[in-house]
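Single-letter residue listing:
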Amino acid sequence: GAVVSQHPSWVICKSGTSVKIECRSLDFQATTMFWYRQFPKQSLMLMATSNEGSKATYEQGVEKDKFLINHASLTLSTLTVTSAHPEDSSFYICSAKSGLNTEAFFGQGTRLTVV
Amino acid sequence: AQKITQTQPGMFVQEKEAVTLDCTYDTSDQSYGLFWYKQPSSGEMIFLIYQGSYDEQNATEGRYSLNFQKARKSANLVISASQLGDSAMYFCAMREGRRSSASKIIFGSGTRLSIRP
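Those protein sequence lines, which keep their order, are chains A and B.
Going from the first sequence to this note's numbering is simple: count from 1 and add 409.
Going from the second sequence to this note's numbering is simple: count from 1 and add 114.
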């Protein structure tokens with residue numbers, strides 16, 4: 410299958426700082442990328458959907474000013490957690506798909522810990 | 115309303131036995147897709163199998179098969195001849211609506227499968 414690389418795999422940051430997570434499709438053009446959040450022992454909750462070159466569509470309850478998503482190219486989307494707080498600590502995982510293809514490929518995930 | 119329901123939070127199965135993981139879904143769309151993903155403790159999501167709502171035959175991928183019962187809105191995953199490496203979380207997921215670039219995929223709560231040697 411196609412490869413999606415997510416970086417960093419883990420990050421620890423101080424409360425009040427911002428953290429950027431990158432999601433790259435390495436061998437295909439990702440017209441759509443999805444960002445999910447997963448709390449321990451829970452399911453993946455969709456945060457937002459981003460299409461290349463347009464603004465992201467956020468799910469209800471997700472603060473777009475806090476979770477900034479940029480999908481500036483067909484191979485890169487970024488999620489920036491602004492002014493992070495301990496409650497933002499979670500596992501963030503992206504997935505990417507190309508056009509009408511059925512399958513979305515997932516990155517390895519980023520474990521964010523805010524101290 | 116919950117769209118994807120996985121009623122088994124955890125399951126224990128003896129190695130080499132077959133196991134069925136349950137999944138029911140709710141949608142008013144005629145066109146949709148159903149997925150199963152495996153998530154080991156490392157966290158990555160591994161695609162296992164896909165079934166489109168218009169596919170007449172049940173999907174199969176190696177030891178994985180999807181028991182698609184459209185009228186009952188169920189899409190159970192069957193793993194034959196289970197192996198120790200199958201121990202992981204398993205998520206059922208659904209893409210609603212016609213396949214488009216922006217169709218989002220939503221996930222069930224997951225089932226933790228543990229294989230006993």
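Worth flagging that the hints you see were computed from the coordinates, not collected in a lab.
Since we're looking at a predicted model, the values are computed, not measured.
Where hints are given, some of them may not hold.
[To be verified] Taking lysine to aspartate or glutamate and the DMTMM-like style, the derived pairs with C-alpha atoms no more than 20 Å apart in a straight line are: (1) LYS218(B) <-> GLU512(A); (2) LYS218(B) <-> GLU496(A); (3) LYS450(A) <-> GLU170(B).
[Unchecked claim] Ranges of calculated distance between the beta carbons of each label pair, as one might list FRET restraints: (4) LYS130(B) <-> GLY425(A): 49 to 59 Å; (5) VAL412(A) <-> LYS117(B): 24 to 34 Å; (6) VAL524(A) <-> GLN171(B): 49 to 59 Å.
Where a beta carbon is used, it is the ideal one built from N, C-alpha and C, also for glycine.
Verification of the hints:
Pair hint LYS218(B) plus GLU512(A) holds up; C-alpha atoms about 11 Å apart against a cutoff of 20 Å. Pair hint LYS218(B) plus GLU496(A) does not hold up; C-alpha atoms about 25 Å apart against a cutoff of 20 Å. Taken as a hint, the LYS450(A) and GLU170(B) pair is broken in the structure, with Cα atoms around 34 Å apart against an allowance of 20 Å. At about 53 Å, the CB distance of LYS130(B) to GLY425(A) agrees with the hint of 49 to 59 Å.
Taking the beta carbon of each, VAL412(A) and LYS117(B) are about 29 Å apart, inside 24 to 34 Å as hinted. Restraint check, VAL524(A) to GLN171(B): a C-beta distance of roughly 52 Å satisfies the suggested window 49 to 59 Å.
Hints 2, 3 from the earlier list are contradicted by this structure; the remaining hints agree with it.
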